[in-house]
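Protein chains in written order, with the numbering used here: chain A, 3 to 265; chain B, 3 to 265; chain C, 2 to 352; chain D, 2 to 352.
Note that these hints are calculated values from the structure, not bench results.
Just so you know, even glycine gets a beta-carbon here, dropped at the ideal spot from N, CA and C.
One thing to keep in mind: the hints can contain errors.
[To be verified] Quick partial rundown of chain C residues pointing at chain D, CB under 7 Å, derived from the structure:
| # | residue |
| --- | --- |
| 1 | Ser-200 |
| 2 | Gly-305 |
| 3 | Phe-324 |
| 4 | Pro-327 |
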Amino acid sequence: MSLLTRIIGWAVLIFGLLYFFVPLGGLFEFSLRARRGVYSLDAYVRVLADPQFQATFSYSVFMALVTIVIGILIVVPTAFWVRLKMPWARPYVEFMTLLPLVIPAIVIVFGYIRLYNTSSWLPLTGSLTGTNALLAFGYTMLALPYMYRAVDTGLRTIDVATLTEAAQSLGAGWITILRRVILPNVVPAVLSGAFLTFAIVIGEFTLAALLDRPAFGPYLQRIGANKAYEPFALSVIAFGITWGCLALIQLVSRFSKMAPPRI
Amino acid sequence: MSLLTRIIGWAVLIFGLLYFFVPLGGLFEFSLRARRGVYSLDAYVRVLADPQFQATFSYSVFMALVTIVIGILIVVPTAFWVRLKMPWARPYVEFMTLLPLVIPAIVIVFGYIRLYNTSSWLPLTGSLTGTNALLAFGYTMLALPYMYRAVDTGLRTIDVATLTEAAQSLGAGWITILRRVILPNVVPAVLSGAFLTFAIVIGEFTLAALLDRPAFGPYLQRIGANKAYEPFALSVIAFGITWGCLALIQLVSRFSKMAPPRI
Amino acid sequence: MSFLALENLQKSFGAVQVVKDFNMSIEKGEFVSFLGPSGCGKTTILRMIAGFETPSGGTISINGKDQSRLKTSQRNIGMVFQAYALFPNMNVFDNVAFGLKVAGTPKTQIEARVKEMLALIRLEHLADRYPYQLSGGQQQRVALARALAPKPQLLLLDEPLSALDAKIRISLREEIRQIQRQLGITTVFVTHDQEEALSISDRIVVMNAGHADQIGSPSEIYNHPATRFVASFVGTLNMIDAVVADPAAQTVRIGDQLIALRESVGNRKPSDPITLALRPEAASLSEHGDATLRGEVISASFLGSVVRTKIAVGGSTVSFDMFNSPDLRMPAPGEDINLHFSSGDLLIVRD
Amino acid sequence: MSFLALENLQKSFGAVQVVKDFNMSIEKGEFVSFLGPSGCGKTTILRMIAGFETPSGGTISINGKDQSRLKTSQRNIGMVFQAYALFPNMNVFDNVAFGLKVAGTPKTQIEARVKEMLALIRLEHLADRYPYQLSGGQQQRVALARALAPKPQLLLLDEPLSALDAKIRISLREEIRQIQRQLGITTVFVTHDQEEALSISDRIVVMNAGHADQIGSPSEIYNHPATRFVASFVGTLNMIDAVVADPAAQTVRIGDQLIALRESVGNRKPSDPITLALRPEAASLSEHGDATLRGEVISASFLGSVVRTKIAVGGSTVSFDMFNSPDLRMPAPGEDINLHFSSGDLLIVRD
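Bound conformation, chain A alone (with noise of 0.2 Å):
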């Protein structure tokens, strides 16, 4: 039974494996083909080179990096109140944390055109600050489960009650708390949720095509429709970038776990 429960621990591993590295793999090979006969990085010196994959490319590091701050200043205070002052209201946070994955980003896209079109009483979509604000919200948006998760589970593994009233019969105030007790503690939680927003926001194409902004998520398409090697070299990197953040989010979980073990 040994043998078999190894036997079957294999398969299911390799299985995994196959499922997501087959297709990278003939990815990969055939990005390398661009220079006929051998085996070349053409295809990936031709895309870098790309002005147009500079700037989309930029443009959607720039989004991440607002749409993670957009989201730890909503979600950190809210994980930390909820958990702390109303457990009540929970199942409904955690709801409403469920919307994003559930209604199509199209439905949350046509509802942002309809409310804030040029004829609306806030016509963001009139101005191109606006649109990018829009955008910035819309990803905040999907990014908002993976956040609240994030920092949720970095608040679960400490006992922010009993250290909330600890530092509180020692004579902090709120401040103090949030800043030398819980956030300290929570880093780490924080930083895999930016990671994996980082990452989404990078490859998004829907919300970034509907709004007609110049994100990689639709340049990384229109490369595909028009050239033959490039957009598989895109999407090495794009899959080389992601990887690099979950790989982060790795050994930011593994450092945390080197951290106090807590409960």
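With chain A held as given, fit chains B, C and D onto it using these hints.
For chains B, C and D alone, kept in the frame of chain A given last:
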């Protein structure tokens, strides 16, 4: 302070509601304006009567069901086995289930197209059935994180190891254990994963568009580009469906809460 | 005037009244334990004193000063929690220093005070350790040092020992008591463990469903329980069904055996039922005392230092304890034996 | 021939050897407890008997039949787990019936047997309840009935009481013992609670770091511990530092007091250090026994039924216990008192 707590609490809730529901409200209001001057359901009537709507919608429902079946077949045994016999593999499996969140769907699709094109060893994209299968596998990948987490959470609420050992000591084999002991206790979790999958597949745009399949997502976008009121009606319908799924999840999880509390 | 005064203290959560009109005065330097089962309101009282809960009614005053308008952070109390309340991101030194830093104490003073506190709990050598590197007992000692560092006027202990192993629990409670005596700090201790409360306290408050059933010294509580609840919650107690034989002679009948009580049976009449209580350690097989009960041994179990024997006497089961010794002969089931005790140990149970 | 035979049993997890060459024979109908701290290997042995772990070496045979090739489901054993092992989706009846259903027993027989089992644990009236509607004690009784329903040849109990409240723990252990006697089923019980093991067992195995330090009856284990580990793990023990005075006369010196031992000091020479052990309940203030130690009272704590006094005797601290009684005068700290005991109670500690 109790008052402050309450005020902040309500502010958070109201902010959340506004964040999600104001766009939806705008959407809904506009979708009723198809007849000049009065509110009417004209847009809905036209949408529902559109044979394309019916075709794409039933296609997506069908694909969602296929995805759910594949997902359950992959996820339930894997999650059970990992919990029971391979706790060391949990981080790897969880890492794998994170991948679909951060690998952009476009990357996956390009990989599929490259790997299974008409000149490859398995020319899936050469036939309709093959492309549909590809799409279903792509959907499964998208839904994997949610399905896995739902089932894993379900398994966490029971003491899998002890229950399995108890059943073994009473003479039960693996099939009896799975059928009589494990499954009956994770049905709610499996259902909630299934509803989430359903909602995701119904609203998905990128995969279906890039593989050029007649799904509901691309139809929604096409209508959006060409009609005035119908896209908003469609959005409301899409939202209604996802909302229904969410409500079902809540119902199921409430039902499961009335069942035995464990650990 | 008392140091800590709780007057008409009440607390309701929704429709549930958890603390009902509680009154108590605690002297400076006293060690008072709140003892009771979970849900009896003992923790709620502690949390109201700390300022974590707002009383629904009544006042709390410390040293004559009403506390109701003060936040927790303004009350100058030290508190030790059940477990895991050390700040995980700080080492032992920084944990102990936290309260002083918050108060803006100069650095050199902080250092001196923290060293003093660590010496008090004999953990000077662990100042650089993080909480996860400490055992449970060490963590609670650090928590105690942290609570005491800012020189609080009142020390509150919320079941600080209940997460620890049995042996550490005993040594730490002795240490807590010794430190408390040394500093002379007024202390309120909450526990559900009767042995803990009995061994550590100047006075014990036995809580039952939101009010104090009895307030008194450990031996008063144990030897003269005021209510049936106190009697059964504190220690083990035999309940013996009897009927009154002769009210004037204060005799009762247990089965067919006549026993004379030392207290009056009150206004009970002959043949009235009466319930008597007897502690297992009050009775023994050796001849002593003025009362005897004969019964048949049901079982004798060896519990280590003590052998507990159960005998059947007129429909009731009576347990009694003997200290173990290597040459002790265990009573055999079925055997008839005489149980000797002092009639003064036989209490009449009031409900 | 013994019923359950464990021969040269070994188990390693990676490089860690958890069970080291364990040998034991258990007779039919015996109740044997494995007692030890966590990590001593007691649970691993139980799990190997059940078939949940495969031994790294050695054999397990039940009734003469080697079990190594049998899966758990083929061994016909009943097992009760620490907690929460009832099937949450089945009611009490179905839980108890599970083993019989799996075995394909006819329906009418199942019904009769389940009723019989529920009568045994006195829960007939709860047959329709689900596990979450039961208290912890009731759940464990149902788990016991479920384990016994298929008439197993061996009953394995893996700390079945440790998740329960103190009072329920005591009543349930008496019930388990009584049912075990009634059915005459061979039982292996794993616990870390010495009082539990002492009160329930025919024989106790005291485990320490993978091997058995001592196997014996409860009173052997308690009164004649074979090793220092057994002595300190089972019960509370005073360790007293002394020096040999005259090996021939078997006298030792504790501080400046001379005591004659009943056992030989072995090949120790005069002035050699020697460690003696004395159980707290063996000594008392009243005159008895042939040995006396004089010391100064350090503290006296009231623990309920028992008063524990610590005295300082020649550099060692000696605790002794007295049963409480209302007229007991507690020794005051600083007072000099005489402690009486029998010299036979003074054991020489071997390491």
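Each hint, compared with the structure:
1. Ser-200: 4 Å, holds
2. Gly-305: 5 Å, holds
3. Phe-324: 4 Å, holds
4. Pro-327: Result: holds, 4 Å to nearest chain D Cβ.
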